[in-house]
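Participant: Chains as they are written, first to last, in my numbering: chain A, 1 to 408; chain B, 1001 to 1408.
Hints in this document: simulated from the structure, not taken from any laboratory. It is possible that part of the hints are untrue.
[To be verified] Computed cross-link-like contacts, PhoX-like style, restricted to lysine-lysine with a CA-CA straight-line distance of at most 25 angstroms:
| hint | chain 1 | residue 1 | chain 2 | residue 2 |
| --- | --- | --- | --- | --- |
| 1 | B | Lys-1065 | B | Lys-1093 |
| 2 | A | Lys-129 | A | Lys-29 |
| 3 | A | Lys-343 | A | Lys-29 |
| 4 | B | Lys-1030 | B | Lys-1129 |
| 5 | A | Lys-401 | B | Lys-1401 |
| 6 | B | Lys-1172 | B | Lys-1065 |
| 7 | B | Lys-1260 | B | Lys-1172 |
| 8 | B | Lys-1343 | A | Lys-343 |
| 9 | B | Lys-1343 | A | Lys-93 |
2 protein chains.
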Amino acid sequence: MPVNLTAPDPASLLPVAGVRLGIASAGIKKPGRRDITLIELAAGSQVAGVFTQNRFCAAPVTLCKQHLATGNIRALVINTGNANAGTGGEGLKRARQTCDAVAQLMGYATENVLPFSTGVILEPLPVDKILPALPVAQADLAPNHWSDAAHAIMTTDIVAKGASRQISIGGKAVTVTGIAKGSGMIHPNMATMLGFVATDAAIAAALMQQLVKEVADVSFNCVTVDGDTSTNDSFILIASGQAGNTEIASASGADYAALKTALSEVAIELAQAMARDGEGATKFMTIAVEGARDRAECKQIAYAIARSPLVKTAFFASDPNLGRILAAIGYAGVTDLDVNALKVWLGDVLVAENGGRAASYTEVQGAAVMREAEITVRVALNRGTVNATVWTCDFSYDYVKINAEYRT
Amino acid sequence: MPVNLTAPDPASLLPVAGVRLGIASAGIKKPGRRDITLIELAAGSQVAGVFTQNRFCAAPVTLCKQHLATGNIRALVINTGNANAGTGGEGLKRARQTCDAVAQLMGYATENVLPFSTGVILEPLPVDKILPALPVAQADLAPNHWSDAAHAIMTTDIVAKGASRQISIGGKAVTVTGIAKGSGMIHPNMATMLGFVATDAAIAAALMQQLVKEVADVSFNCVTVDGDTSTNDSFILIASGQAGNTEIASASGADYAALKTALSEVAIELAQAMARDGEGATKFMTIAVEGARDRAECKQIAYAIARSPLVKTAFFASDPNLGRILAAIGYAGVTDLDVNALKVWLGDVLVAENGGRAASYTEVQGAAVMREAEITVRVALNRGTVNATVWTCDFSYDYVKINAEYRT
Chain A
1 MPVNLTAPDP ASLLPVAGVR LGIASAGIKK PGRRDITLIE LAAGSQVAGV FTQNRFCAAP
61 VTLCKQHLAT GNIRALVINT GNANAGTGGE GLKRARQTCD AVAQLMGYAT ENVLPFSTGV
121 ILEPLPVDKI LPALPVAQAD LAPNHWSDAA HAIMTTDIVA KGASRQISIG GKAVTVTGIA
181 KGSGMIHPNM ATMLGFVATD AAIAAALMQQ LVKEVADVSF NCVTVDGDTS TNDSFILIAS
241 GQAGNTEIAS ASGADYAALK TALSEVAIEL AQAMARDGEG ATKFMTIAVE GARDRAECKQ
301 IAYAIARSPL VKTAFFASDP NLGRILAAIG YAGVTDLDVN ALKVWLGDVL VAENGGRAAS
361 YTEVQGAAVM REAEITVRVA LNRGTVNATV WTCDFSYDYV KINAEYRT
Chain B
1001 MPVNLTAPDP ASLLPVAGVR LGIASAGIKK PGRRDITLIE LAAGSQVAGV FTQNRFCAAP
1061 VTLCKQHLAT GNIRALVINT GNANAGTGGE GLKRARQTCD AVAQLMGYAT ENVLPFSTGV
1121 ILEPLPVDKI LPALPVAQAD LAPNHWSDAA HAIMTTDIVA KGASRQISIG GKAVTVTGIA
1181 KGSGMIHPNM ATMLGFVATD AAIAAALMQQ LVKEVADVSF NCVTVDGDTS TNDSFILIAS
1241 GQAGNTEIAS ASGADYAALK TALSEVAIEL AQAMARDGEG ATKFMTIAVE GARDRAECKQ
1301 IAYAIARSPL VKTAFFASDP NLGRILAAIG YAGVTDLDVN ALKVWLGDVL VAENGGRAAS
1361 YTEVQGAAVM REAEITVRVA LNRGTVNATV WTCDFSYDYV KINAEYRT
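Excised from the complex, chain A in its bound form (with noise of 0.2 angstroms):
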């Protein structure tokens, strides 16, 4: 069951000015399942992206990138029930094909779509089913669907994704509403999963790339669920403009940091959602690495931990089996670490330093904060002054039903 997360009220998912999403069923994997998400962007829209770097990238994945590389975007077309991913050049054919109808259907270039798919590799998109759900996600096209959205993008999550703010940029009201979906097939490299997050507020194109990185790197590149990364990974960032403020041009200003903080926390209130919502997850768990020399060795040590399947298992049993921690530490390849000088508390309860359980530590105190839905490890390497943090959930019996049972 997904720890303390459910799907947000749909009243609470703002509209964006010049953004609309439409929604239909394809019956791509089960009939009836609304698997199609349409999303049109007005005329001037900017729109940045970040991609898996699995080297067995799908074919929207390729076909997304050299889309955006012509810098007109105009509409997002999202399957779920099939990745187009492990499907060579026909893939590529197909998911071109799903770009020409969408342009046709709306008076666009085939380059002004994006495309994405989620769900199975390695077997054909099925266009034929996907082609005539396209005029119906056009009929339903509106501002306020982003809950339908939500909905219509999960594969194996349990619960909807999605977050708004508002904030204010030179008096003018801004507002940012992102979605995403991701469960399983969770390790961040670049972003991670689908994710879209919007917002009205006018910025230079050429400061939308920088934006999007910055933003996925608090985000969704600090979230794992099971450490495999998927072959679809995208985080879209777009900014329609309409919110009438005057144009973000530089990213050293304060209205580049205050949109860039909202986005921040949209994105991060659904990177933890993945998390929180990881496949068969019952305790949400965060890493925090502290004092380290860099935020490579920081991610490293927080990763090792998140990852070891040994350590998930003592929290899915609520055991302080805490010497799981220090293991997953010594081996995260940080070579020089000396693990004399570190400490490691678990919530409050210091649990480890000079190399050992530390004097004041007791089993009863460890398995107080083990039966807790939301737990921290928190490692001081008192090596450096960078700070890192990754999210994870733990490791249960649902994780394998999930994976053993998906394609049933």
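Position chain B relative to chain A; hints supplied.
Facilitator: Relative to the frame of chain A, chain B by itself:
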């Protein structure tokens, strides 16, 4: 259940001249459990080892390295039920106390004794239980107690692991016998787990470190269960020199090669046994990567597949959800990998080529291979001439069960 693995017939584990083994019960974790093994080596035995690279290496690993440097090892003492890892200065003191006690009992110096521990991390070693058991183990010393020792060093292992070979070197019969334990927290980063392989061959001390490294690299460094590198991994090679062969003095001669082959066969059998008996295993998986530029990228790709929870749960379910294998190849970290040039086979069935599913592949073929208990995944990269193989097992409900309930 272990995959095609039964405990070796005690008579099949051949005595090695110059090596005697004794067992005792210290009741470290469970009363009455035979958890102490003492191995006595004849004077003049050569001993070398490779150890975990985990920075949180256990106290006995630290002592082993110190004592091996002195070049005169006469006894090994092994306990299960407690890893004496994450135990700081006090852990070192207790490991040394154990060596002291063995030394006094047998008339050696402390540095003639190698200590080994395996079990739970972060808890103090109960020397008060271990010391009284040592004279019992000494009284039990006998050349034919290899099978008893194989049982006494087990932790979550279901099946005891041992193997023997006999070869002829310079007209003299040479015996190789080895035992090992390991089932979880198995991921090589040097040697993995506890492994002890002894021969009565005479070999120059100067060659021992090279030999143990070469044998580890083709055996214990090719196995993973859960991707967790233990704090206590140790692989020890013993050569008692009592076979009567002319001392092997060069690594380039036929005698060295013959001995290395026999040692490697025993070590490979033991390493494969660990995957066959991996925690919760229902399938034994061989991941063979060929046509790579170097061994490092072979291993990188093989381990990405072998560690992936998504691949492992699909194998548990006998579901040919083979896109997960492609995804793992793609995120393994070989950044210039051409996915259109590689091929993937499941057993003898060609699954993927030209960046996608092979035209000849059918689900029926994949499902047939998946029903087997032993399955080979073969990946041909077509970018070089180097091959490497990794052994692993699937990921089942029982893995979660075993590790969630480990301390109860």
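Participant: Please flag the earlier hints that this structure goes against, numbers listed from lowest up.
Facilitator: Hints 3, 6, 8 are the ones this structure does not satisfy, whereas the remaining hints hold.
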